[in-house]
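Participant: Given only the sequences and the hints, what does the whole structure look like? Please build it.
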Amino acid sequence: SQTIHQWPATLVQPVGSPLSLECTVEGTSNPNLYWYRQAAGRGLQLLFYSVGIGQISSEVPQNLSASRPQDRQFILSSKKLLLSDSGFYLCAWGVSYNEQFFGPGTRLTVL
Amino acid sequence: LAKTTQPISMDSYEGQEVNITCSHNNIATNDYITWYQQFPSQGPRFIIQGYKTKVTNEVASLFIPADRKSSTLSLPRVSLSDTAVYYCLVGDGGATNKLIFGTGTLLAVQP
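Note that the protein sequences, when read in sequence, are chains A and B. Once you know that position 27 of the first sequence is 27 in our numbering, the rest is easy, because the numbers rise by one and skip nothing. Once you know that position 13 of the second sequence is 13 in our numbering, the rest is easy, because the numbers rise by one and skip nothing.
In short, the hints are calculated from the structure, not lab data. Since the model is a prediction, treat every value here as computed from it, not as a measurement. You may find that some hints are simply not true.
Stated by the list, open to error - Calculated pairs, DSS-like style, for lysine-lysine (alpha carbon to alpha carbon, straight line, at most 30 Å):
#1 B:54 <-> B:98
#2 A:79 <-> B:54
#3 B:98 <-> B:3
#4 B:52 <-> B:3
#5 B:3 <-> B:69
#6 B:98 <-> A:80
Facilitator: This is how it looks when you write it as structure tokens:
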């Protein structure tokens, strides 16, 4: 069966510090992968998606970047965090037509 | 991707049937209608998807009228554990299978 992992589960970082969130998928090959952010009480905002190794598309201009060094690995990064980067970060993979399977998420608090 | 409109919140009691309606006036011919459920501090979970008429699975039913400009998610005999945010999405998937989430409907089930 397919599984998606995200870590860490929670993270508290100071403003200006770097960030690295990792997402890995098991049980599938060449998946479409996605990073979302959800601010408190809001809907999900699509940040990045990838249709293959090294292929990253950005949906919104921002302080974050994404990379896909391996087929089933998706990394979200920042060189210097801002207060506005706080939120709930979710990784997902495309299962089928309009269906995505989401990971457990990372709660990021920037102080 | 067609824009969707749904109520911000709804209240219900245990054992009742709940119907959440979503409006999508600009739905395109190739678009499917998909519903997700999200519990606090978790990623969204795919519930049901349809193109026209009625779709039913073990969790819910989806009613789509002939003009497809709206859809109704029906949850039979809700319980406290059905308290969650429900998202209606419309799209054709395409090569990237991107999803655009709105703010959803917060369903609160009371005892």
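Participant: If a hint holds in the structure, say so; if it does not, say that too.
Facilitator: Hints and how they fare:
1. B:54 <-> B:98: holds (24 Å)
2. A:79 <-> B:54: It is violated: about 49 Å lies between the C-alpha atoms, which goes past 30 Å.
3. B:98 <-> B:3: holds (14 Å)
4. B:52 <-> B:3: With Cα atoms ~18 Å apart, residue 52 of chain B and residue 3 of chain B stay inside 30 Å; holds.
5. B:3 <-> B:69: The given pair, whose Cα atoms are some 11 Å apart, holds under the 30 Å limit.
6. B:98 <-> A:80: The hint holds at about 27 Å.
Going through the hint list in order, the structure does not satisfy hint 2, though it satisfies all others.
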